[in-house]
Amino acid sequence: MTAQADSETMDPVRAEFDAAFYLANNQDVVDSGIDPFEHFMTWGWREGRDPNRRFSIASYLDVNPDIAAAGVNPFAHYVVTGQGEGRALKLDLGFQYEILKSANTLEARVQALRAAFPDGEPSPIEGLTRTLKRAGASTRLHVSISHDNFTANLGGVQLCLTREAKALRAAGSAHIHLYPAAPGLVIDFERERPLIGVLVNGKSAGVHAAETLAEVLGPFADGKAFTFAVHSFIGHNIVGVTTVLSAMGAREGYYWVHDFSSVCAHYALLRNDVAFCGAPPPDSPACEVCLYARRRRIHLAEHGRFFQTFAMTVLAPSEAALELWLRSFPVKPAAAKVHPHAVLRKRRAPAVAEHAPGPLRVAFLGMPAEHKGWPVYAKLVERFADDPRYEFHHLGKIRDKAVEARFTAIEPTPDVAEPMAAAVEALDIDVAIIWSLCPETFCFTAYEAVAGGAAVVTNPDAGNVPRFTAETGVGKVAKDDHALGELFESGEILTLARAIRGERLYSLAYSRMSADFILEKTAS
Amino acid sequence: MKVLCFTSFTFSYLDRARVLFHTLRQHHPDWELVALITDRPPPGFELDVAAEQFDRVVWVEDLGIEGGSAWLFKHDVVEACTAVKGPFLHQACASGADVVMYLDPDTALLNPLHPLLEELQIHDIVLTPHLLEPEETHAAVLDNEVSALRTGIYNLGFVAIRTTGEGARFAKWWNDRLLAFCYDDIPQGLFVDQRWCDHVPAFFEKVKILRDPGYNIASWNISRRKVTIGQDGQIRANGSLLRFWHFTKLGPVGDIMTRRYAGTNFEVHEIWNWYKRLIARFTDGRIPARYWAYATYADGQPIQKGHRELYRARGDLREAFKDPFASGAGSYQAWLIGEGLLEPQNAAAVT
Numbered sequence: 001m002t003a004q005a006d007s008e009t010m011d012p013v014r015a016e017f018d019a020a021f022y023l024a025n026n027q028d029v030v031d032s033g034i035d036p037f038e039h040f041m042t043w044g045w046r047e048g049r050d051p052n053r054r055f056s057i058a059s060y061l062d063v064n065p066d067i068a069a070a071g072v073n074p075f076a077h078y079v080v081t082g083q084g085e086g087r088a089l090k091l092d093l094g095f096q097y098e099i100l101k102s103a104n105t106l107e108a109r110v111q112a113l114r115a116a117f118p119d120g121e122p123s124p125i126e127g128l129t130r131t132l133k134r135a136g137a138s139t140r141l142h143v144s145i146s147h148d149n150f151t152a153n154l155g156g157v158q159l160c161l162t163r164e165a166k167a168l169r170a171a172g173s174a175h176i177h178l179y180p181a182a183p184g185l186v187i188d189f190e191r192e193r194p195l196i197g198v199l200v201n202g203k204s205a206g207v208h209a210a211e212t213l214a215e216v217l218g219p220f221a222d223g224k225a226f227t228f229a230v231h232s233f234i235g236h237n238i239v240g241v242t243t244v245l246s247a248m249g250a251r252e253g254y255y256w257v258h259d260f261s262s263v264c265a266h267y268a269l270l271r272n273d274v275a276f277c278g279a280p281p282p283d284s285p286a287c288e289v290c291l292y293a294r295r296r297r298i299h300l301a302e303h304g305r306f307f308q309t310f311a312m313t314v315l316a317p318s319e320a321a322l323e324l325w326l327r328s329f330p331v332k333p334a335a336a337k338v339h340p341h342a343v344l345r346k347r348r349a350p351a352v353a354e355h356a357p358g359p360l361r362v363a364f365l366g367m368p369a370e371h372k373g374w375p376v377y378a379k380l381v382e383r384f385a386d387d388p389r390y391e392f393h394h395l396g397k398i399r400d401k402a403v404e405a406r407f408t409a410i411e412p413t414p415d416v417a418e419p420m421a422a423a424v425e426a427l428d429i430d431v432a433i434i435w436s437l438c439p440e441t442f443c444f445t446a447y448e449a450v451a452g453g454a455a456v457v458t459n460p461d462a463g464n465v466p467r468f469t470a471e472t473g474v475g476k477v478a479k480d481d482h483a484l485g486e487l488f489e490s491g492e493i494l495t496l497a498r499a500i501r502g503e504r505l506y507s508l509a510y511s512r513m514s515a516d517f518i519l520e521k522t523a524s
Numbered sequence: 525m526k527v528l529c530f531t532s533f534t535f536s537y538l539d540r541a542r543v544l545f546h547t548l549r550q551h552h553p554d555w556e557l558v559a560l561i562t563d564r565p566p567p568g569f570e571l572d573v574a575a576e577q578f579d580r581v582v583w584v585e586d587l588g589i590e591g592g593s594a595w596l597f598k599h600d601v602v603e604a605c606t607a608v609k610g611p612f613l614h615q616a617c618a619s620g621a622d623v624v625m626y627l628d629p630d631t632a633l634l635n636p637l638h639p640l641l642e643e644l645q646i647h648d649i650v651l652t653p654h655l656l657e658p659e660e661t662h663a664a665v666l667d668n669e670v671s672a673l674r675t676g677i678y679n680l681g682f683v684a685i686r687t688t689g690e691g692a693r694f695a696k697w698w699n700d701r702l703l704a705f706c707y708d709d710i711p712q713g714l715f716v717d718q719r720w721c722d723h724v725p726a727f728f729e730k731v732k733i734l735r736d737p738g739y740n741i742a743s744w745n746i747s748r749r750k751v752t753i754g755q756d757g758q759i760r761a762n763g764s765l766l767r768f769w770h771f772t773k774l775g776p777v778g779d780i781m782t783r784r785y786a787g788t789n790f791e792v793h794e795i796w797n798w799y800k801r802l803i804a805r806f807t808d809g810r811i812p813a814r815y816w817a818y819a820t821y822a823d824g825q826p827i828q829k830g831h832r833e834l835y836r837a838r839g840d841l842r843e844a845f846k847d848p849f850a851s852g853a854g855s856y857q858a859w860l861i862g863e864g865l866l867e868p869q870n871a872a873a874v875t
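If you're matching them up, the sequences are chains A and B in order.
Counting from 1, one number per residue, gives the positions in the first sequence under our numbering.
Counting from 525, one number per residue, gives the positions in the second sequence under our numbering.
These are calculated hints, taken from the structure and not from any lab test.
Take the hints with a grain of salt, since some may be wrong.
[Claimed, not checked] Under 7 Å between C-beta atoms, here's a sample of chain B residues computed to sit facing chain A:
#	residue
1	Phe705
2	Asp708
3	Thr788
[Said to hold, decoys possible] Cross-link-like lysine-lysine pairs, in silico, DSS-like; alpha carbons within 30 Å at most:
#	chain 1	residue 1	chain 2	residue 2
4	A	Lys397	A	Lys346
5	B	Lys696	B	Lys732
6	A	Lys332	A	Lys224
7	B	Lys846	A	Lys90
8	A	Lys476	B	Lys750
9	B	Lys773	A	Lys479
10	A	Lys521	A	Lys133
11	A	Lys521	A	Lys337
12	A	Lys101	A	Lys346
13	B	Lys829	B	Lys846
14	B	Lys750	A	Lys101
15	A	Lys166	A	Lys397
16	A	Lys397	A	Lys479
17	B	Lys696	B	Lys730
18	A	Lys379	A	Lys90
19	A	Lys337	A	Lys166
20	A	Lys479	A	Lys101
21	A	Lys521	A	Lys203
22	B	Lys750	B	Lys732
23	A	Lys479	A	Lys203
24	A	Lys90	B	Lys750
25	A	Lys90	B	Lys773
26	A	Lys379	B	Lys750
27	B	Lys800	B	Lys773
28	A	Lys521	A	Lys332
29	B	Lys773	A	Lys101
30	A	Lys101	B	Lys800
Cβ atoms here follow ideal geometry from the backbone N, Cα and C, with glycine treated the same way.
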């Protein structure tokens, strides 16, 4: 090794520089053939090109204005002196600040969605009457109401509706599903011509005005044992749905607490999109400063009127959801019950610990969304990525390349009942971080994590998740993200390794949703 | 207890004043709310008091200040809007109100101010200091502690008095000082209406220095106040109910200070976002930005700060030009041009 090469190797700035990262982000440097480090030291830093994944030139200058004023190479400054002086790499204001800074108001989003989906034309009435005729002469009829066409989209509520519809149709009931023809973020009361999409036994019967549906479905329900279940009013005009149900002779029904859209225009009770609010009184200062305040009053009033019109039995998939709903909804329902979407069934006897020693495998499951706590996980990964005690994973459909976690794509498929559980098991994930910022009413993800043998680590605001974690005894509830970091720092989290706690595997036994009550009532 | 609450502003601050009055009306529907305006409506805009949330307007002319427009000319917009607080407060002592309270137009309430009225059962004057505890970093000492040494210990974005006793005596004294010395002249120890009040605890009895962190939160004290929004629906600062916030420097400058001192206390940004939404709701597009009727001579030429200072320094000029806002022959403006101190407006436009 020459003396020059030796000094270059010893150059601490060069040592911290990530040539592969630099080339991956600067195609022009690749094309020029210039040594990436030379390029960075000569031009790159002046052009704001970052030298490695963790150092942002813009952020360093933002938090250190004196360095910006001095006009020196910020990366070289940090490596040589800044680090020793304890200078911050960035002004860390938290992910909540980033959300608040870019606050695209609810009103703006509602208007944008409305513009994207203007009022359409209703379908010809004949199509509806024809489809109803083909539905046969069942003596029983069930109507479900939700925010979308559950046969066209995939998600927790859609799976629930699929099971409900399947069970009722198997029992000989006709099934009609009503969904808003145009998607919404909140309940609708502003559209001039709101239309309702109709599925009859899973087949589309067009989109129609509430008055048309009242006219046609009223006589159709005549003489039939008629039930209905509301899964969500988001996107719906509740007055319109009330008209239809009244015409069908409805007097009582089921209301599912899949979320808290009956309590607020933010269905997950995230004040200003950043923090669980706890559904305080609508005239409280907390509500006053929340951008959902105005529409919250409308949501409460419209849902309240619906509950006063029909004798509703409220069904919640967890105790946590029901308790929160009962204390935050202003109208007392006719009845309220907890009915979990699924329960865990032991799949096989606890295996003898046969896991190779290695780092604790920690995973985030699902969508890397803020309200699911992705920024908290990202920060955890950033802090402990180099810690040999841990290996970080992300299992989901969409990858966030900015986070150094091993990504495994999970695609829901009809062939695998619980694809997430299967992946958790296959990857030997020890701990699933389920850090929802707002209350989960059920959380299939948590159930799948445990079914696949992982422990769940969560926070107290995550609704059913901390309750579920306490019930299963597999996992921990950390007070806040600081406490979460402490679990990793101290190594206390290592006690959740499969090898230490022993592995238990489960499958999920699903409920039939409202059908369980309807069919039980019929049978009795 | 009959309460009169007022704020002082020009039309370019009407949006902020409307937000304040909106929140005052929400929490204190029974208070008399007064808009003290040192301005004239901009062309094409008419103030419809019946549609506003305040009860009445008091124009600067209504105060009967000796010297009228000549007195006003000596002040820039900030000096003028703060100077008029003294005469109004003094005159309001005879209005029949038991308590008179001033709030800056860029403040807003998030909880009622009832505890203040309780304080005013015992005390005659209530002031809120800029800072309630020492800063901890060098930068914050410079930004906040040193700044308060220059501009005054108490923030005069808020003051409340009983209209009798020491309250009335304070109002008279403040009236006198502000009529004569309400200038932004820090080298001379003056900072508009505010620095004067450093004397208050020494000059007056029954003064309450309110050390409750729930009052008058602003960028200059946010570094030492942790704001929380609880699941009970309450907003607190260091555990005390948040009563009113002082939204100083709405815009990029305020944002920088808030970012610097709020840190990860994201609730502060939630409150700012709320305020910005309200401002957007109450803004009237017909009012030009930075509009002030008294910013120009009669012909529209802007008045320079130095020429206001010259006018207030020289009695001979004040004697010679009784209406310094006038344009044309024999005016102060013409004199300035003649002396080579001011370029004629048309020439300025050509160059």
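Against the structure, the hints come out as follows:
| no. | hint | verdict |
| --- | --- | --- |
| 1 | Phe705 | violated, 37 Å |
| 2 | Asp708 | violated, 27 Å |
| 3 | Thr788 | holds, 4 Å |
| 4 | Lys397(A) to Lys346(A) | holds, 27 Å |
| 5 | Lys696(B) to Lys732(B) | holds, 18 Å |
| 6 | Lys332(A) to Lys224(A) | holds, 28 Å |
| 7 | Lys846(B) to Lys90(A) | violated, 58 Å |
| 8 | Lys476(A) to Lys750(B) | holds, 28 Å |
| 9 | Lys773(B) to Lys479(A) | violated, 36 Å |
| 10 | Lys521(A) to Lys133(A) | holds, 27 Å |
| 11 | Lys521(A) to Lys337(A) | holds, 15 Å |
| 12 | Lys101(A) to Lys346(A) | violated, 47 Å |
| 13 | Lys829(B) to Lys846(B) | holds, 18 Å |
| 14 | Lys750(B) to Lys101(A) | holds, 19 Å |
| 15 | Lys166(A) to Lys397(A) | holds, 27 Å |
| 16 | Lys397(A) to Lys479(A) | holds, 29 Å |
| 17 | Lys696(B) to Lys730(B) | holds, 16 Å |
| 18 | Lys379(A) to Lys90(A) | holds, 13 Å |
| 19 | Lys337(A) to Lys166(A) | holds, 22 Å |
| 20 | Lys479(A) to Lys101(A) | holds, 26 Å |
| 21 | Lys521(A) to Lys203(A) | holds, 27 Å |
| 22 | Lys750(B) to Lys732(B) | holds, 24 Å |
| 23 | Lys479(A) to Lys203(A) | violated, 47 Å |
| 24 | Lys90(A) to Lys750(B) | holds, 21 Å |
| 25 | Lys90(A) to Lys773(B) | holds, 24 Å |
| 26 | Lys379(A) to Lys750(B) | holds, 23 Å |
| 27 | Lys800(B) to Lys773(B) | holds, 12 Å |
| 28 | Lys521(A) to Lys332(A) | holds, 22 Å |
| 29 | Lys773(B) to Lys101(A) | holds, 17 Å |
| 30 | Lys101(A) to Lys800(B) | holds, 12 Å |
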